[in-house]
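Here the structure of chain C is known, so what remains is to put chain L in place on it, guided by the hints.
From first to last, the protein sequence lines are chains C and L. With this note's numbering, you'll find the first sequence wraps up at 496, consecutive numbering, no jumps. With this note's numbering, you'll find the second sequence wraps up at 151, consecutive numbering, no jumps.
Simulated from the structure, these hints should not be mistaken for lab results. Check each hint, because a few of them may be wrong.
Said to hold, decoys possible - With a Cα cut of at most 27 Å, we get these calculated DSS-like pairs of lysine-lysine:
hint : chain 1 : residue 1 : chain 2 : residue 2
1    : L       : K119      : L       : K85
2    : C       : K33       : L       : K115
3    : L       : K38       : C       : K33
4    : L       : K145      : L       : K122
5    : L       : K145      : C       : K428
Remember, it's a predicted structure, so these values are computed and weren't measured experimentally.
Chain residues, written in single-letter form:
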Amino acid sequence: MLFRKFASTFHEFRIVRDPDLCIDCKVCIIQCPYEAHFWDDARDKVSHDNRKCVGCHRCAAMCPTAALTIKLNELDFRPNATWRPEFARNIYNQAESGGVLLAGMGSPVDIPVYWDRLLLDASQVTNPSIDPLREPMELKTFLGSKPDRLEVKFDEDGNPALQTEQTPQIELATPITFAGMSFGAINFNLHAAMAMAAKELGIVYNTGEGGLHKSLYEYGQWTIVQVASGRFGVHSDYLNAGVGIEIKVGQGAKPGIGGHLPGEKINGKISETRMIPPGSDAISPAPHHDIYSIEDLLQLIFALKEATEYRVPIAVKIAAVHNVAAIASGVVRAGADILTIDGMKGGTGAAPAMTRDNVGIPIELALASVDQRLRDEGIRSKASIIAGGGFRCSGDVIKAIALGADAVNIGTAALVAVGCTLCGRCYTGKCPWGIATNDKKLAKRQNPEVAAERLVNLVRGWSHEIEEMLGGMGLNSIESLRGNRDKLRAVGLTEAEMQILGVKHAGR
Amino acid sequence: MKRIYPDRDMCIGCGLCVLGCLAAHSKSHDLVLAYKEERAKGLVSRKRLIEADEVCVAISCRHCEEPECVPVCISGALSKDEKTGITVYDADKCVGCWTCIMACPYGAIQRDKYNNKIIKCDLCAGRESGPACVEACSNRALKYEERQS
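Looking at chain C on its own, in the form it has when it is part of the complex (with noise of 0.2 Å):
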């Protein structure tokens, strides 16, 4: 064999063709965008080259006689438990580049899941279970600041009439929110799904930085419009098109770290939306040129509630890190109505691989930390707690609510309901499954239709689960567990984690 770089002869997956199913119809060819499947004129068959494999399994999905797998390379490194082969992969592939790492997705490292660690209460004799079946169940939830009092006042006749002023509030019709993915890093198609999704299960979704199409316009009572560093696409349309804005300062994927759209990706479409010109890279700096205090923060929340005459509430995404609870504290009493956490485990479309596997917090610590902050200093009714990152079943949002969180942003969680299969690629602007590209004739494969139906089903099937959770706890509405974390036990965490978490140990 002729010599190959080392890092393409090390390879992570193995297509393996069962040839008594492989009838050579070429399927595998033309899902496979990095050219992993090809046609052998000499062999006359479907080929393939194991060293372009993503282990993206668009090929296994799409093969109609069911003839592909993909397996996991099992090249013998000699083993070492320090140098770990993926450690010597990722030295091979910058001793040829000499480039930072990128990677997309949530972090793959083996970090702490509290959410496994964790467990909820049941009912039994003397507080009887609820049957969501027969009784209703209440999981409407209200996202934003809530009064500290409210006076009412009685006519003559005694009926009550509320005389406190409301801050504008955000109505969910379940406490799971779609987490803010731009359009650029996920195509128009896919926003369009999960605009539609929105509206149909009548919760929000988040625009991200970069902008809201026109054509989305329509769907702006159930999107929430993003203000980040770069400012890509907002104007005073914009601000007003969405029942909500957040600030975004960090993302728990990769905290401290800006965001670039490369300019391959800015097509026409986008650079209208973004506001540049096509073809320009969307370079978002890590922080915003304009904050650099908290007082600065609370400048830009009151310049964007004056752009929009009060009538929306303010969120504020940070990151999940060192003193959050301190920083959410300072963020709340800068005025914002919503603090969205995102937790380490969040994904992106493309991150420097160290700091998405080193830098931050889970979003379990920092949540259970940041709600009992803002209990002890009396602020906890001035905002509404979103927590993210790496949300990936019903029972850990359920888990997510009796830690104190109003609701939960899922972003992984809604990609892979519409075919991610989590390989990590998002960066190189070829997913396989139509999802983190623009390519037109990739980004097809994403038919709006069928992905809000799908973003439909796992919300809907989310939803009831959390219903039949709360009946199993004796509540029967999602406001009675919020930051009850009497209804949470913890197993095999050390005292520090329970301390933190605010939770008793299983048995207790």
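This is chain L only, laid out in the frame that chain C set:
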């Protein structure tokens, strides 16, 4: 009547419709056998995938209200079933003149080189779950529905 409508904006050119049609019209109803063995004996998919640059679309007989192929058929092998609306093909009557192929504005009729006749979509008549191509379409780019013309 219900027809198969292709959506070129959503067709991803995967070709599963072509394979679905092939299996549905095979003797074995087994894709592996149909593709590997029956194709060699003349089995042809009634579905055709047309691709140019970024656009692709899967076409088959549209069962037109006023089909161009019926009046030109010299042997009476093609006729319009007034009841079902299907453009029916009777292989026994077909003499293989291929005039219909030239008349069809959609290029939806193909030559059956083995039998010197034609091949066209029959809407999978009698198939309980409807046309196989629609069922096989991975991106809902084929819809089998009634539309106002």
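* Asked: In ascending order, which of the hints set out earlier in this document are inconsistent with the structure?
  -> Of the numbered hints, all hold.
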